[in-house]
Amino acid sequence: MASRKSSCYKCGNLGHIAENCSSAERLCYNCRQPGHESAACPSPRTVAAKQCYSCGGGLRTITADCPTLRIQQSGGQRCYNCGKYGHISKVCPAGSLGFAARPAPSGRALNTATLPPVKCYRCGQMNHYARDCLAPPGTEGGYVRPKTCYRCQQEGHIARDCPELQTYTERKHLPYTRQQLYDVVSDVASYRHFIPYCSASRILSSSDPTKSPLLLEAELTVQFLAFKESYVSQVTCIPLESVEAIAASTTPLFKELKTTWRFREDAPPPSPSTLVSLDLAYAFANPLHGAISASFFGQVSKMMVQAFEERCAEVYGRNS
1 MASRKSSCYK CGNLGHIAEN CSSAERLCYN CRQPGHESAA CPSPRTVAAK
51 QCYSCGGGLR TITADCPTLR IQQSGGQRCY NCGKYGHISK VCPAGSLGFA
101 ARPAPSGRAL NTATLPPVKC YRCGQMNHYA RDCLAPPGTE GGYVRPKTCY
151 RCQQEGHIAR DCPELQTYTE RKHLPYTRQQ LYDVVSDVAS YRHFIPYCSA
201 SRILSSSDPT KSPLLLEAEL TVQFLAFKES YVSQVTCIPL ESVEAIAAST
251 TPLFKELKTT WRFREDAPPP SPSTLVSLDL AYAFANPLHG AISASFFGQV
301 SKMMVQAFEE RCAEVYGRNS
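Residues 1 to 320 (the UniProt record's numbering) make up the sequence shown, in order.
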């Protein structure tokens with residue numbers, strides 16, 4: 001492809017640039033006269049002194065009339081790489097230019113031979129990163145870790161089946177006085193009549209009822225499904241304030257069991273209202289019992305509050 005000659009934007013002539021132009025004024029590109037632009041030239045349009053952008057040929061030739069271009073176009077598509085016709089840049093025989101990748105300068109190329117091999121820290125295998133690892137969840141260091149309970153941090157189970165201590169809290173306003181609610185909750189011997197899953201209850205020993213706090217030792221029997229166990233609780237009753245029951249350490253059923261009732265009067269008679277709080281914390285000694293009870297034991301606190309509410313309605317009548 002012929003090289004294109006320099007063109008002066010001041011006079012429009014070829015062979016020099018405006019910096020070296022001898023013309024004192026800017027000339028019309030069409031008639032080469034000063035005083036107007038080619039767009040307002042009164043003279044007829046002419047191709048004299050024009051240069052073809054395609055072939056870079058001599059005067060009196062423009063791209064639209066270029067004979068060389070017509071011959072070249074008959075050869076097919078034009079290559080954006082070398083400017084020739086008959087092929088495209090992807091298969092250009094002149095090689096890749098322009099935006100193609102270039103070799104790195106000497107001394108700056110990345111030496112991959114010195115890089116450590118890629119290793120996944122999750123599964124321990126080569127040639128991929130942890131973010132792309134297809135190993136099962138829980139895999140670490142090349143082996144699958146057993147499930148870990150977030151409650152007790154022990155492996156082998158999840159929190160839902162955790163045999164360790166679990167806690168539940170229930171709050172409710174009831175239309176009874178503190179004395180009425182305290183009398184019902186502290187009547188441990190009657191639990192078998194209205195407490196969910198309590199099939200038997202009896203007092204083994206009691207301190208002086210005229211002194212506070214009242215200390216009781218009670219035996220309760222829990223029964224659900226085909227499961228039935230008895231355990232002994234130490235009960236501490238503070239009149240009008242709280243009733244706390246803690247399972248004895250010798251109990252085979254529970255590793256730990258603690259229920260705490262608290263009473264706070266919101267409104268006195270004749271329209272009494274008392275806030276009842278129940279805090280339940282338990283851990284079964286046998287993990288199997290914990291797994292069996294996991295599906296329903298979380299609702300026990302609500303069931304107990306409801307049972308005591310119904311017991312109060314039975315004993316004192318329903319208050320609005």
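Hints in this document: simulated from the structure, not taken from any laboratory.
Some clues are possibly wrong.
Below, a list of computed lysine-lysine pairs in the DSS-like style, where the Cα atoms sit at most 30 angstroms apart [unchecked claim]:
| no. | residue 1 | residue 2 |
| --- | --- | --- |
| 1 | 302 | 255 |
| 2 | 302 | 228 |
| 3 | 302 | 172 |
For clarity, every value in this text was computed on a predicted model and none was experimentally measured.
Results of checking the hints against the structure:
1. Restraint check for residue 302 and residue 255: satisfied, since their Cα atoms lie roughly 22 angstroms apart, inside the 30 angstroms limit.
2. The hinted pair formed by residue 302 and residue 228 meets the criterion: a straight-line CA distance of about 22 angstroms does not exceed 30 angstroms.
3. The straight-line distance between the Cα atoms of residue 302 and residue 172 is roughly 9 angstroms, inside the 30 angstroms bound, and the hint therefore holds.
Hint compliance for this structure: every hint is met.
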